[in-house]
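Asks: Here the protein sequences line up with chains Y and V, keeping their order.
With the working numbering, the residue at position 87 of the first sequence is 87, and numbering never jumps.
With the working numbering, the residue at position 59 of the second sequence is 1059, and numbering never jumps.
No wet-lab data here; the hints were simulated from the structure.
Just so you know, even glycine gets a beta-carbon here, dropped at the ideal spot from N, CA and C.
Among the hints, a few may not be true.
[Stated by the list, open to error] These stretches of chain Y come out as covered by chain V in the derived footprint (C-beta under 8 Å, 3 or more residues):
{"no.": "1", "region": "28-36"}
{"no.": "2", "region": "64-78"}
{"no.": "3", "region": "81-87"}
{"no.": "4", "region": "96-109"}
{"no.": "5", "region": "165-175"}
{"no.": "6", "region": "194-201"}
One letter stands for each residue in the lines below.
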Amino acid sequence: MSDHSTTQSHGLVHRDDEGSKLGMWLFIFTEILLFGALFLVYSVYRFKNQDAFHAAALNLDTVIGTINTVILIVSSATIAMSISALQQKNKKLAITLMVITLVLAFSFLVNKYFEWGAKFHHGLYPGAEHLISLGSGQNQFFFLYFFMTGLHAFHVIVGMGFIIFVMRQVMRDELTYNNYTRLENAGLYWHLVDLIWIYLFPLFYLIH
Amino acid sequence: MSHDTHEEVHITPYKTYYIILGLLLVLTAITVGVTLIHLGTFSVAVALFVATIKGSLVLLYFMHLKFDNKLFLALVAIVFAVYTAVIAITFIDYLSR
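Just chain Y, with the same shape it has in the complex:
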């Protein structure tokens, strides 16, 4: 087993908290490069179709975008605070903060549902005749909008699953004040979701 294990819960069970966190970070790097590639495509398309991107972005709802930004930032803070709560042996507060995070995550998805619904209603989805009539630049914008916010929304759903998974383990005392790395890793994943949105928001909603 590892020489670097920071804590040992039993004589036989070895735990490598640092190693497990490193594994989570390596996974996060693959996510950053996945979205990074999409941001690269976005920047080249935008560079080549600046006017079309400005015109297309006017169709996005800045208010919903801002509300969802605030939701993700607050949920990022609540999941971070739940780690501090568990470290201080306050299991109840830790679980409450995780529940708040999940409620916020769900409301993000509800907003997304209505936002996407409005776009479909206005014929602004890939393949719609109205969108095709607007030219290739606006089509590229909306293709990237749906693909990137869709992939991000998928990450929100996965993140919620991860948080539910660790929340159950906290409830069963499988994760405790001196064994909380899995909660930290779920938190890291959730912050990644927030981090990606921090760039998606200005690049799609705020080009006016």
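With chain Y fixed as given, assemble chain V onto it according to the hints.
Replies: Chain V alone, transformed into the frame defined by chain Y:
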């Protein structure tokens, strides 16, 4: 059960998170506000600059890079440096066509 850890366990106080949360909300208000006053070409630069400050706060405080093993901070820095280089090389290509 042994409690000896090689390093002190860092418990981030709630106050730190409140401050960072407040800063992130203020920065969000700034980005949205900047959009309302039209800065033209500068608006992209301002938006990306503010987003990068927000992202750094999330990475350093929420993701604990400031308090954890500095190896993680170094790795994240390398990943972002490589990504910045890829963007730069791509645009050197497009701008010189």
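Asks: Taking the hints in turn, state whether each one holds.
Replies: Consistency of the hints with the structure:
1. Residues of the region 28-36 of chain Y lying with their CB closer than 8 Å to a CB of chain V number 4, which satisfies the three-residue condition for coverage.
2. Against chain V, the region 64-78 of chain Y contributes 7 residues with a C-beta closer than 8 Å to a partner C-beta. That satisfies the three-residue criterion, and the hint holds.
3. Three residues within the 8 Å Cβ limit are the bar, and the region 81-87 of chain Y against chain V gives 4, so the coverage statement holds.
4. Only residues whose beta carbon comes within less than 8 Å of a beta carbon in chain V count, and the region 96-109 of chain Y has 0; fewer than three means the coverage is violated.
5. By the rule of at least three residues with a Cβ nearer than 8 Å to a Cβ of chain V, the coverage given for the region 165-175 of chain Y is violated, with 0 such residues.
6. Figure legend: the region 194-201 of chain Y, annotated as covered by chain V; annotation consistent (5 residues with Cβ-Cβ distances under 8 Å, at least 3 required).
Hint compliance for this structure: hints 4, 5 are not met, and every other hint is.
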